[in-house]
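Chemist: Based on these hints, arrange chain B with the ligands on the given structure of chain A.
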Amino acid sequence: MEIIRTEDLTYTYPISSKPAFRDVSITIDKGEFVLLTGPSGCGKTTLCRCFNGLIPHFYSGKLEGEIMVAGLRVPDHPIHELAQHVGLVFQNPENQLFALSVEKDVAFGLENLGLPRDEIRERVDWALKVTGIYDLKDRAPYELSGGQQQRVAIASILAMRPEVIVLDEPTSFLDPLGAQKIFEVIDRLNKRLGITIILVEHRLDLASKYADRVIIMNEGRVVLNGRPRDVFISDEAQLVGVGIPKATMLYKLLRENGIELGRVPITAEEASQMIREALTHDRG
Amino acid sequence: MIEVEDLYFTYPSGVEALRGITLTIRDGEFVAIMGQNGAGKTTLVKHFNGLLKPTKGSVKIDGVDTTKASVAELARKVGFVFQNPDHQLFCETVEDEISFALKNFGFDEDAIKDRVDWALNLLDLTRYRNISPFMLSGGERKRVALASVLAWDPKILILDEPTIGQDYEQKERLRNFIVQLNAQGKTVIIVTHDIEFVAECKPRVILMAEGRVIADGDPHEILTNPNLVSKASLILPETTRILLGLRGMEQSGRLARVIDVYEAGRILTAMLRDQG
Ligand SMILES: Nc1ncnc2c1ncn2[C@@H]1O[C@H](COP(=O)(O)OP(=O)(O)OP(=O)(O)O)[C@@H](O)[C@H]1O
Ligand SMILES: Nc1ncnc2c1ncn2[C@@H]1O[C@H](COP(=O)(O)OP(=O)(O)OP(=O)(O)O)[C@@H](O)[C@H]1O
Ligand SMILES: [Mg+2]
Ligand SMILES: [Mg+2]
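So the protein sequences, as listed, match chains A and B.
The first sequence runs 1273 to 1556 under the numbering used here.
The second sequence runs 5 to 280 under the numbering used here.
It is possible that part of the hints are untrue.
[Stated by the list, open to error] Computed from the model, here is a short list of chain A residues facing chain B with C-beta under 8 Å: (1) Q1368; (2) K1376; (3) G1418; (4) E1441; (5) G1450; (6) S1506; (7) K1518; (8) E1541.
[Said to hold, decoys possible] Only some residues are given here: those of chain B computed to face chain A with a beta carbon under 7 Å: (9) S141; (10) G143; (11) Q174; (12) N186.
Quick caveat, the hints were computed from the structure, so don't treat them as lab data.
Keep in mind that this is a model prediction, so the values were computed, not measured.
Quick reminder that beta carbons are idealized off the backbone N, C-alpha and C, glycines included.
The shape of chain A in the complex, shown without the other chains (with noise of 0.2 Å):
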């Protein structure tokens, strides 16, 4: 069943020239899991501002095309019935916090949803634990490191578990050990509660084994839409400048040595296990 639709959609910032991004039709299920990629500017965060309304409510400029978000029509419905369906984690963590303390802005928007205070506390306690930030919850937002605010973010979108979650390049900020457990919590709400996930990510080699499907913009268009293992090995992928995972790559160094490894890796533990069938093979 889908949950986004977007048919030829274009859209243009008030006063720029041109479109940030255009002619995007893509579909995605309930329940998937997709990872949004492409090079610096070819309008991702353009795009995610559509899927919460921002854009056209917020932001003006002209939106062409037709946009359906969870069977609303999202020109015609206003950003907070949006946001009951769908969270946005900003790309820039700041823009996102504003309450006294992180553990007021990771209940605001419970509140307003009019959830019990039990469920409240239980749902803000867990978004606190599973981003590491428990400890700091009486800390104001303002005095806290970069990743320590990325992560409150993180947790007040991912306590409100709405159907879809969209998440802005939101490791980038964050240590690589953090990045990999918040990407694992996402994963769980994506299997156990089949939340929708729309991934922002430049770094595919941790992000990558967790999408069922990767869309590459380039030049505000979409230029390839397919599961992770084809899209990373196409030429296309290479030249829009797209860092594929380092398993893939090897692959590829390998098979321009004249050594083929057989399957596409995308992560490490693929790869490993695939040299090593060819070691231990050849020696045989």
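Modeler: Frame of chain A, contents of chain B with the ligands only:
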């Protein structure tokens, strides 16, 4: 040269962010400071250009204590690019943003024009010259922040998370540029979580945890040490993780300190051909 001597720093709120740091960074070094969120990396580097002053201990830049150096002198010598570009950008256009510091430092008009052109080109921003930085994407804003500091050619460069928001190609440009600067004798200090970028650049690595330095040295040694890496809340570089899975195989010792995918490719090709 940067000399840090038993440095402690406590924020007014009472958080003790640095707890006894001693280190020296010589002219022309390329250093990456890494470690968990909240470890104190940003707090440490803010001492290098005098934005913060020690609670205890001292920081000297070229022999001058930062509590005694003039702000202007330090600013000219030490260029600092903030973790979050929005803390740095305030002008109406990208061009104004880049020329701002140049004007302050008293460069003449021709020199300013040359340097602005050069920096715009370097960071792939020429097409945004007359646009407001606030109408740019996250990665583009980060590059404007980088351009505005690189333009005045400081002797010591501090880049807090320079690869944030950058795609593979932009990172390659940045890497080449840093290597070039380094070759000219500039000191480059990056604070970063981007383990793959560090594995490609191979700078001296300083790991921090809880306000202290827990390792300092060669990237091949540090980034392949699972114990240290997890203490600093990092993970092993992807290439190293692939190679770790080959442990125990014949000749796998040749791969023990490899962090970069091209080197791995060369060695594995040789190993597979040897056997074939
Ligand atoms: N508020 C704005 N007003 C006008 N133009 C904008 C605005 N925000 C972004 N743009 C432009 O729209 C294009 C797409 O920007 P967007 O932020 O969607 O890119 P992105 O793919 O998210 O890039 P990054 O990876 O650097 O975050 C860019 O050319 C950018 O300069
Ligand atoms: N303005 C501030 N006021 C009070 N405490 C602060 C402030 N800025 C940072 N801290 C605290 O000081 C400690 C060190 O923060 P710092 O910003 O140096 O960390 P960092 O290593 O740069 O982390 P990150 O990787 O998340 O950017 C953290 O515990 C943080 O919460
Ligand atoms: Mg973006
Ligand atoms: Mg920091």
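Chemist: Now, for every hint given, state plainly whether the structure supports it.
Modeler: Verification of the supplied hints:
no.	hint	in the structure
1	Q1368	13 Å, violated
2	K1376	17 Å, violated
3	G1418	5 Å, holds
4	E1441	6 Å, holds
5	G1450	6 Å, holds
6	S1506	15 Å, violated
7	K1518	4 Å, holds
8	E1541	7 Å, holds
9	S141	5 Å, holds
10	G143	3 Å, holds
11	Q174	6 Å, holds
12	N186	23 Å, violated
The structure shown violates the earlier hints numbered 1, 2, 6, 12.
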